[in-house]
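Peer 1: Sequence:
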Amino acid sequence: LPPSQDDTPRLRAAAEATKQRLYITLEGDWSTMTRDAVQRRLMGVLDSLSTSHPDLDARLILPSKGAWVAEQISELEAVLSSPAESGALDTMFRQRKSMGLHALDNVHMDAPCPPSLKVVGWDAKQCQLLPQGSHGAVVLGGTFDRLHGGHKLLLAMSCLAANRRLLIGVSEGPLLADKTLGDVLLPFSQRRERLSHYLTSTRPGIEYEIVPIVDPFGPSIVDEGLDCIVVSKETEKGGASVNKRRAAKGMRELVVDVVDLVGAE
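The letter at position 145 of the sequence shown is residue 145 when you use UniProt numbering, and the numbering goes up by one with no holes.
All the given hints hold, so there is nothing to weed out.
The calculated lysine-lysine pairs, modelled on DSBU-like cross-linking and capped at a C-alpha distance of 30 angstroms, are:
| id | residue 1 | residue 2 |
| --- | --- | --- |
| 1 | K249 | K233 |
| 2 | K244 | K233 |
| 3 | K237 | K249 |
| 4 | K97 | K19 |
Restraint ranges, calculated between C-beta atoms of paired labels, are given here:
| id | residue 1 | residue 2 | range |
| --- | --- | --- | --- |
| 5 | S86 | P204 | 25 to 31 angstroms |
| 6 | V255 | E16 | 40 to 46 angstroms |
| 7 | E224 | L101 | 37 to 43 angstroms |
| 8 | S74 | S31 | 23 to 29 angstroms |
| 9 | E253 | A177 | 27 to 33 angstroms |
| 10 | S52 | M251 | 42 to 48 angstroms |
| 11 | H108 | P212 | 43 to 49 angstroms |
| 12 | I61 | P83 | 17 to 23 angstroms |
| 13 | M251 | H102 | 45 to 51 angstroms |
Think of the hints as simulated: they come from the structure by calculation, not from any bench. The beta-carbon is built from N, C-alpha and C at its ideal position, and this holds for glycine as well.
Taking the hints into account, I'd like the entire structure generated from these sequences.
Peer 2: Okay, here's the thing in structure tokens:
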């Protein structure tokens, strides 16, 4: 960290070898990372792939409760790696076998090993640590039609902030009236199904609740169990509006977590 161009050859080589879906893991100790450093790192990966392979279904595997997620993904067909990673992969292959999952092809790529999440030259006293699991219940909203880099970054930061429950309001009805090409958006049922599959495959272990919303506030002003609302820089005022409505109802305010999506499209 910060994001390195060393990522690009490896990511693009992996993307070239993938027909449908690419799962990406980032090595390192996430618990000591600063929030901004992790956000920049994730954005760098998403930007690199969205530029070279915009139609690829790329999924970032996030830290989760329990075993490494990659060991449990039943749909995996191959692992793209370098020879230097053979030791770690042998452990993964044994664990998959013990869980009754099929064997994976190990495809060696002619690309550098992945950079780790190790941070060089930062002062922990001056940086905000990544708030991984710092809020019991987190809420966010959006259209979430065809997931692009901005969606994925917003979802990743929301998943990392929640330790128990993530509530997602998906725009419907009147909220789509002013959307560009709103008439060709996928139906809510399809958006919910795709969103659910994406989330549970990248960070299992927390509860996901996906509901339709027909106004800008949705469940954020009625659910008393919420702790935090995640918004983009562009919708930051919406977080303040939510807290104003909650205060008027005698409800406690939510922590407003702002994610800068500049570049993540």
